[in-house]
Amino acid sequence: MIRIPCPFCGTRDHSEFAYGGDGSITYPSLDAPMQDWHDAVFQRENICGVQVETWQHVNGCRMWILVERDTMTHEIHSVRPAHAGMAKALGAAS
Amino acid sequence: MSASRLINGGRIDRSCRLRFTWDGRSFEGFAGDTLASALMASGETVLGRSFKYHRPRGIMSAGVEESGAIVTLGAGERAEPNTKATMVELYDGLTACGQNAWPNVRSDVGAALGLFGRFFSAGFYYKTFMGLPPFEWGRGTGIWMQYEKLIRKAAGMGEASRIADPDAYDHVHAFCDLLVVGSGPAGLNAALTAAQQGKDVILVEQDFELGGDLLNQADPVVEAQRRDLVAGLEAANVRIMTRTTAFGLYDYGTAGLLERVTDHLAVKPAHAPRQRFWTVRAAATVLATGALERTVAFTNNDRPGVMTVAAARAYLNRFGVLPGQNIVLSTNNDSAYVTAAELAKAGANMTLVDLRDRVSEAHIVAMKAAGVEVKTGLAPLKAHGGKAVTGVALARPEGKGWAAAETLACDLLLVSGGWSPVVNLVSHRGAKPVWDKDLACFLPAPCGDNVVMAGSAAGHWNAGDCSASGIAAAKTAMGEPAEAPALGGAETPIKPLYEVRLPGKKTKSFVDSQHDVTAADVRLAHQEGFVSVEHLKRYTTLGMATDQGKMGNVIGLALMAEALGKEIPSVGTTRFRPPYTPVAIGALAGRNTGSHFKILRRTPLHDWNLRHGATMTDAGLWHRPWFFARKGETITEAYIREAATVRDTLGICDVSSLGKIAVQGPDASEFLNRIYSNAFAKLAVGKARYGIMLRDDGMVMDDGTTWQLSENNFLLTTTTTNAGKVMVWLEELLQLRWPDLKVHVTSVSDQWAGVSVAGPKARGGIMACLQDPAAVSADNLPFMGVIETRLKGGIKCLIARISFSGELAYEVYVPSDYGEAMMDLLWEAAEPMGGCLYGLEALGTLRIEKGHVTGAELDGRVTIDDAGLGRMASARKPFVGSALRQRPELMRADRPQLVGIFPKDRNQTFNGGALLCKPDEISGFGEGWVTAVTHSPALGHWIGLGYISGGHTAWQGKAATATDPVRQGDIAVEIVSPHMFDPEGGRMHG
Numbered sequence: 001m002i003r004i005p006c007p008f009c010g011t012r013d014h015s016e017f018a019y020g021g022d023g024s025i026t027y028p029s030l031d032a033p034m035q036d037w038h039d040a041v042f043q044r045e046n047i048c049g050v051q052v053e054t055w056q057h058v059n060g061c062r063m064w065i066l067v068e069r070d071t072m073t074h075e076i077h078s079v080r081p082a083h084a085g086m087a088k089a090l091g092a093a094s
Numbered sequence: 001m002s003a004s005r006l007i008n009g010g011r012i013d014r015s016c017r018l019r020f021t022w023d024g025r026s027f028e029g030f031a032g033d034t035l036a037s038a039l040m041a042s043g044e045t046v047l048g049r050s051f052k053y054h055r056p057r058g059i060m061s062a063g064v065e066e067s068g069a070i071v072t073l074g075a076g077e078r079a080e081p082n083t084k085a086t087m088v089e090l091y092d093g094l095t096a097c098g099q100n101a102w103p104n105v106r107s108d109v110g111a112a113l114g115l116f117g118r119f120f121s122a123g124f125y126y127k128t129f130m131g132l133p134p135f136e137w138g139r140g141t142g143i144w145m146q147y148e149k150l151i152r153k154a155a156g157m158g159e160a161s162r163i164a165d166p167d168a169y170d171h172v173h174a175f176c177d178l179l180v181v182g183s184g185p186a187g188l189n190a191a192l193t194a195a196q197q198g199k200d201v202i203l204v205e206q207d208f209e210l211g212g213d214l215l216n217q218a219d220p221v222v223e224a225q226r227r228d229l230v231a232g233l234e235a236a237n238v239r240i241m242t243r244t245t246a247f248g249l250y251d252y253g254t255a256g257l258l259e260r261v262t263d264h265l266a267v268k269p270a271h272a273p274r275q276r277f278w279t280v281r282a283a284a285t286v287l288a289t290g291a292l293e294r295t296v297a298f299t300n301n302d303r304p305g306v307m308t309v310a311a312a313r314a315y316l317n318r319f320g321v322l323p324g325q326n327i328v329l330s331t332n333n334d335s336a337y338v339t340a341a342e343l344a345k346a347g348a349n350m351t352l353v354d355l356r357d358r359v360s361e362a363h364i365v366a367m368k369a370a371g372v373e374v375k376t377g378l379a380p381l382k383a384h385g386g387k388a389v390t391g392v393a394l395a396r397p398e399g400k401g402w403a404a405a406e407t408l409a410c411d412l413l414l415v416s417g418g419w420s421p422v423v424n425l426v427s428h429r430g431a432k433p434v435w436d437k438d439l440a441c442f443l444p445a446p447c448g449d450n451v452v453m454a455g456s457a458a459g460h461w462n463a464g465d466c467s468a469s470g471i472a473a474a475k476t477a478m479g480e481p482a483e484a485p486a487l488g489g490a491e492t493p494i495k496p497l498y499e500v501r502l503p504g505k506k507t508k509s510f511v512d513s514q515h516d517v518t519a520a521d522v523r524l525a526h527q528e529g530f531v532s533v534e535h536l537k538r539y540t541t542l543g544m545a546t547d548q549g550k551m552g553n554v555i556g557l558a559l560m561a562e563a564l565g566k567e568i569p570s571v572g573t574t575r576f577r578p579p580y581t582p583v584a585i586g587a588l589a590g591r592n593t594g595s596h597f598k599i600l601r602r603t604p605l606h607d608w609n610l611r612h613g614a615t616m617t618d619a620g621l622w623h624r625p626w627f628f629a630r631k632g633e634t635i636t637e638a639y640i641r642e643a644a645t646v647r648d649t650l651g652i653c654d655v656s657s658l659g660k661i662a663v664q665g666p667d668a669s670e671f672l673n674r675i676y677s678n679a680f681a682k683l684a685v686g687k688a689r690y691g692i693m694l695r696d697d698g699m700v701m702d703d704g705t706t707w708q709l710s711e712n713n714f715l716l717t718t719t720t721t722n723a724g725k726v727m728v729w730l731e732e733l734l735q736l737r738w739p740d741l742k743v744h745v746t747s748v749s750d751q752w753a754g755v756s757v758a759g760p761k762a763r764g765g766i767m768a769c770l771q772d773p774a775a776v777s778a779d780n781l782p783f784m785g786v787i788e789t790r791l792k793g794g795i796k797c798l799i800a801r802i803s804f805s806g807e808l809a810y811e812v813y814v815p816s817d818y819g820e821a822m823m824d825l826l827w828e829a830a831e832p833m834g835g836c837l838y839g840l841e842a843l844g845t846l847r848i849e850k851g852h853v854t855g856a857e858l859d860g861r862v863t864i865d866d867a868g869l870g871r872m873a874s875a876r877k878p879f880v881g882s883a884l885r886q887r888p889e890l891m892r893a894d895r896p897q898l899v900g901i902f903p904k905d906r907n908q909t910f911n912g913g914a915l916l917c918k919p920d921e922i923s924g925f926g927e928g929w930v931t932a933v934t935h936s937p938a939l940g941h942w943i944g945l946g947y948i949s950g951g952h953t954a955w956q957g958k959a960a961t962a963t964d965p966v967r968q969g970d971i972a973v974e975i976v977s978p979h980m981f982d983p984e985g986g987r988m989h990g
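In the order they appear, the protein sequences are chains E and B. Numbering (our numbering) for the first sequence: 1 to 94. Numbering (our numbering) for the second sequence: 1 to 990.
Okay, chain E solo, but in the shape it has when bound (with noise of 0.2 Å):
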């Protein structure tokens, strides 16, 4: 059972979070060209270490956040609120 210290409700079970996905990826912009989009979305790096991961605090505040994490350990190394204006106005740790 990995803990996950969610910046809005604290620490919090992995089982009310959902994993999104690969958090290092810059979508391009939605006019890009079909290249740029087939990298964004299809090139992932199979990482044994540490990775970004998006994840979504579904069953809690569900705001989306980027967690640092050892995918050998499952040691989670940091967290940050995706949204930073989000996390600014209900006053998250960063």
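I should point out that these hints are in silico values taken from the structure, not numbers from a laboratory. Just to be clear, a hint being listed does not mean it is correct.
Unchecked claim - Cross-link-like lysine-lysine pairs, in silico, DSBU-like; alpha carbons within 35 Å at most:
| # | chain 1 | residue 1 | chain 2 | residue 2 |
| --- | --- | --- | --- | --- |
| 1 | B | K877 | B | K682 |
| 2 | B | K742 | E | K88 |
| 3 | B | K505 | B | K495 |
| 4 | B | K345 | B | K387 |
| 5 | B | K687 | B | K792 |
| 6 | B | K682 | E | K88 |
| 7 | B | K877 | E | K88 |
| 8 | B | K742 | B | K725 |
| 9 | B | K792 | E | K88 |
| 10 | B | K400 | B | K506 |
| 11 | B | K506 | B | K566 |
| 12 | B | K505 | B | K475 |
Once you have looked at the hints, place chain B on chain E.
Relative to chain E, chain B alone:
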């Protein structure tokens, strides 16, 4: 074995007699007994039959590692097979019986199998029956499949009940500063140390008494210390959980516990669950899980009357049973000496055989004083006797092997092959145990997550060291400096011993007695080329029984290492997996059974629908009306009537389960324009638009209508199935991708009750319910218009003129609490007009006739073009998925596309899920597939939707076949346009 209950001594309460039934016969024991100790005291020796060879088995241990006394507890729906009699707390009225035997464990016909034992070596059935020559030479497994059934019947464990479990189980969650597993000297001291510093401590003990090995000692001083420690824990408010097993350790200090609440009670309280499944999140964990005494592989080491030394001590000192009269004790380490003296003192005739040539002087003196005869340089070679041990042949080391020595008569043979720390829980965390050559055991490796080992589980052999290590472990767990005592603690080092055998002799010496794996099996596996310990395990099934090889794994590894000519650490070890001891499926399920298995979602109109004759069906988590049968109607008759009524007059259908999302904010229009493939920027207030949203990869995600209620306020609807998914997706886009957009999304699915009112008379039906009937006139509410108005009685409502059925149709939404009031009004108006209520089945018919897609068609593999909706993909704006939908492979003209399907013979039908093929090429994946089939009252025959390569234009005038080899044969079909009814849409716009 001629065991007898002592007149006094032990922790049992001789004033409290408990009656129980074993194999249909009545017995008596005392409070404080286990089933095993009570049976031993009653002189029962054969309590089980082995897995493969049906060999008689007796009590081998006094704990979780038991591999002999494996029994079935209870009967009927409460029968629980494969229970260790050594772990069952006796209660009045307990019933148990032997298993894997006929007629009973004492005289089992299946024992004849043992005579053919040499045919049943590791992997025998694969070799013997698979592709059985000459019948199946090189052909496979036909005969094997038949033999397998017989083999499975002959070999096996107990039988599970086939009746549903009648008991209740609870799930409980807990948090603590420190979780201590095990209540021996290490665990008690660890818990006390932390609790006295104000920490919130949970102490878990699988036994029904606290004390671990302290319970097995005769010394009253030790008992006084134990009582003091327990009193200290209670005073310090430690949460003490006995009869609770920590069965698994997981990430972040999360532990799984199983608490047996009522298993030990003669009268089970009706309100209490049978067991509780705990999830504990501990900031720190001390594992004081103890060590298990190993046996040694020698011929017939599984005979009733062969057991571990520690077990004999437990039966003697805890349960007041002298397990034998004439006892031979074989050891290779110091731990057995104290037991030998205690057994002699209790009246047994004791001989101690030590493999080591020299032991400490103190031990020699103690043995002499106790009257124990000591023989050194010897080990057991073979146990004599069948259903009970009658003697033991000894051997002495000679060169690299063994030479036969004297034979001793005995009725009990105790064996100590050394100790294996219980490293299972840290192994669950992936920490590979490390072999310690000096201590001849695997020691736990550090596992992180603030988990600290203590006591004999860490490799401390003396009670004093265990106590000190418990204190040190608690301090370490709390982040304080602490030093644990040195490991080990024996005066004379252990001399490793795993197997005793004479060269060239093939005998039955068991490594894993629960799975009948012998030393010869391990060597056979090596001979056949299995070098990895993981392969060894799977080929021989060593360590794969319910005990996970608690006693046998180390011996198996040692034998494999010997065969490979390697050291034990280089052979490696397998990883223990949860659970440490078996966990009932019922405990995992908890209360999530029956109607609580999954969430049930009811629409606000649920009760109203039921009162008006709805038969419900599952739609995801929802219950939705399936059809409204009149008296005597079948489902087919009902839905055909309902669909025909909608086309003829009007029908009312509950659509409240559709996903509804409020999209609000100054950028809402821009947001919708990005997520939908069609233009949304110019939607106007009071208008609705049908939209399709794609995924990033260009495939269709969902469809639905969006209503503009005011400049910055939209109501977006989704399909029932995708409501949750779309909400998550919109939140992801707004928070991660487009944080600059000022838009807020809120799920309002539960806030609205919604109905579709469809049919040529729909307008009249709705008008009759409105305060201002003119609000829905053709001029005021044209096709795709939205208004906010009031029903009679002032109920605020939203009405959108949209159509899924292809008829003149409206969706009417009111706040959920007014759902029933709305239905009463609508039905009062519609019924006299000849209208009907219709369910999902008729809804399906109407949309199939129109070629409207739903979940069956939008299955995540289709593009917007495949679904025939390519005209809805704007070329004038980018949108989510617009780049990747244009991948060449997705633009191929021969991709399967949405089509309508008619049976060639209009009297026939065909199946949803059938493959569409060319008539002369019925093979493989075919050319397409059928997604939906219904009887169309409008067309008067069966119709369907599906996908086929190239779409209907490519199949004009060509024959096709719907093939369904599993259910029915081939049906000739025609491929037509998916718009099978009213293709111009005149009815809908009318």
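Within a Cα-Cα threshold of 35 Å, do K792/B and K88/E meet the stated pairing?
-> Since the Cα atoms of K792/B and K88/E sit roughly 46 Å apart, the hinted pair is violated (cutoff 35 Å).
Going straight from one Cα to the other, do K506/B and K566/B come out at no more than 35 Å?
-> Given pair K506/B, K566/B holds - Cα atoms ~23 Å apart, limit 35 Å.
Agreement of K877/B and K88/E with the hint, judged by alpha carbon distance not exceeding 35 Å | Distance ~33 Å between K877/B and K88/E Cα, so the pair holds.
Does the structure keep K742/B and K88/E at a Cα separation of 35 Å or less?
-> holds (15 Å)
With a cut-off of 35 Å on the C-alpha distance, tell me whether K742/B and K725/B pass.
-> With a Cα-Cα distance of about 21 Å, the restraint between K742/B and K725/B holds, given a limit of 35 Å.
Given the hinted pair K505/B and K475/B, is their alpha-carbon gap at most 35 Å?
-> violated (53 Å)
Hey, K345/B versus K387/B, does the alpha-carbon distance stay inside 35 Å?
-> Within the cut-off at roughly 27 Å; holds.
Within a Cα-Cα threshold of 35 Å, do K505/B and K495/B meet the stated pairing?
-> Holds - the C-alpha atoms of K495/B and K505/B are around 24 Å apart, at most 35 Å.
If you draw a straight line from the CA of K877/B to the CA of K682/B, is it 35 Å or shorter?
-> With a Cα-Cα distance of about 13 Å, the restraint between K877/B and K682/B holds, given a limit of 35 Å.
Are the Cα atoms of K400/B and K506/B separated by 35 Å or less?
-> Holds, at roughly 18 Å.
Given pair status - K88/E, K682/B, alpha carbons within 35 Å | holds (33 Å)
Given hint K792/B paired with K687/B - CA-CA distance at most 35 Å = holds (24 Å)
Checked against the numbered hints above, the structure breaks hints 9, 12 and satisfies the rest.
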